[in-house]
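Colleague: Sequence order for the protein chains is D and F.
Residue 241 in our numbering sits at position 241 of the first sequence; the count goes up by one each step and never skips.
Add 1000 to the 1-based position in the second sequence for our numbering, that's all there is to it.
What follows is a list of derived Cβ distance ranges for each label pair:
(1) T1027(F) x A310(D): 43 to 49 Å
(2) L324(D) x F1123(F): 18 to 24 Å
(3) F1038(F) x F210(D): 29 to 35 Å
(4) W39(D) x S1148(F): 31 to 37 Å
(5) I110(D) x T1336(F): 31 to 37 Å
(6) P1188(F) x N35(D): 45 to 51 Å
The set of hints was computed from the structure by calculation and includes no laboratory data.
Idealized CB from N, CA, C, for every residue including glycine.
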Amino acid sequence: MSNIFIWGRKNLYPTTGQGIISIAIVSLVGLVLWNFLPWSIFNAVWVADNSDVCRQAGGACWAFIWEKLYFILFGFYPAEERWRAWLVLALFLGGILYSGRSKSWTLSLIVVWLGLVVSMMLLLNGTLLGLPTVETSYWGGLVLTIILAMTGIIFSYPFGVLLALGRANQRLPVIRGICVSIIEIIRGVPFISLLFMASLMLPLFLPSGFVIPKLVRAIVAVIIFSGCYLAETVRGGLAAVSRGQYEAAQSLGLSYWKTMGLVILPQALSKVIQPTVGSFISLFIDTTLVVIISMYDLLGAARAAASDSAWLGFAREAYVFLALIYFAFCYTLSKYSRRLEKDILTKKVH
Amino acid sequence: MIVGIVLFFGLARQNLVDNLEQRNIATGFGFLANEASFIVSETVIDYEPSDTYGRVFLVGMMNTIKVAVLGSISAILLGTFVGILLLSKNWLLRNICYSYVNLVRNTPLILQLLFWYMLLTEFLPSIYDSVSFLGTVFFTNRGFYISSIVIHSSYYWSLGTMFLGFGFAYFFNRYANRHHDRTGRELPAFTINFTIIIILTLIPWAIAGFPLNISVPVFVTPDFLGGSNISPEFLAIYLGLTLYTATFIAEVVRAGIVAIPKGQVEAGSSIGLTPMKLLKLVILPQAIRIIIPPLTNQILNLFKNSTLAVAIGYPDFVSIANTTLNQTGQAIEAITAIMIFYLSVSLLVSLFMNWFNHKMRLVER
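Work out the full structure: start from the sequences and follow the hints.
Modeller: Next comes the structure, spelled out in structure tokens:
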């Protein structure tokens, strides 16, 4: 008990001024909770058949989320094929659990995820598995967000590494110049302009009748955009590897790709784990921008659900729910990356 | 391989020509001289639907710059404040700030913008029963109606003389520094400069007889007359960008302060500097060098993120280029215009910052 008192005295009430600030914060937080808790919990409606019940209650209408849950998770995916989408979510969860162990973080992890994403896509599309075909334009909700984010991460990482290697290459000035211009141009323009390019400009360059699904075009935009930011992160890692390592590898007679693959990259990439995961988090968050080219990802689906005329006026609940989902994903990931970096760096020491 | 690349581009070009012909889309930037004929809800410069696309592009750029500049200023202020609080010894204060930073950084900006826009349009009273603050600001779901000062011609003169004052301050500071180096005595440069600037600014106003005409918004059904309106679209994007970017700036500022060796502060206090002087002469000059480059990046991010305005209907440059694209079908030109605008501003700011860093760098003796 006295420990708590000493801690409080030192951290909350060291001087009168600080004490007043502490009290002000406590009352402010209290005021927010006083207003938020009745709305979100005490007066909230959890189950209801229609929106009238919600409108009378005056609290949050979580019944709305419950009603629209399938739509928010799966978008316009056909109801009778939903088990496939559930399976995709299960695969994703399995992948997350597998990646949770620090031991899994080797190059093979990227292969595992590649396999997972390919099977997710096969499953969702279905043609090759002998299931009814579901076009990519029907994929939506959380499932679409996962597909966008995971393919984006898997392909933008190697792309970013290649760009960074090209930029660091002193002997091939043409390659270097191309990489520098790609990185600097893409980093100088907003992501929306790339999405517009993918959705509005690219079709003009294709022969008529030849259609690339919008999903694929959006994924390519995500990969290019995110790859350029990753390239800068990787460049930081490359710069942090000492010159002696390069020279040692060369004196052993290793070729360029062996030098990079066996000596430099393993060191460079593990030095920048935290910023790399940071880039993955931004990629995940940035996928929400596809709503602007009218795709129904998690945010797009939630918005569409909130504009259903039978359930009008519950956008607030939808946004709070989404914020919780995104926050849970990203915050966990960023916390986890700290532990991962520690694990991997300590393993590499001996 | 080269043949392959040439073939690929040749094919793409042929497809483009065919497609454009088929859809009857013009090429080139000639459309900039055509009549835009769409309405823009808010503008910084005068604009009529009968004006050209070139003019409406300019309107969009001004709107983007308006929100980017105002957003940057408030994000830097809030971010610096929060960044310092992140280092507070008060557990509650520190953790409240960390909660804010983590919450905002881990949710999509576009979601935040939609959320603010929804709050501003759905949860504020309608224009008929607006809530007012002291009868000068009215909060409605169509935005805030605020009192505004009617511009008098003498104000422009004041602006001019104020710049004269800044010019004087620049030279006087240089003189004061030299004086300090030579004699070791400090001139009250700040007080003198401040006074001179104020006096110079006031002179034209005083000559004109202190004209001050405040226009207060008055509700005359069905709208407010007088004053000026801040639209909910602008408020949402301004508020969203400020709150979002401030969390990143807070982290930058915190890292900048932490990076200063403790010995510097101790050395400063041991020669008897007051806390204010310590901050001004020891901590800030060193922290600024560390803070400026990442801060610039954050400002550029804010500038690029302002394009999300299109999601809530604020007429920024992207939104206007998008409307133009839909009207004319000239996707290539519109998207090129977007890219060139953002790229050139980004490059200009980067160049300026490189120059600035070069100037600010530590000169080792």
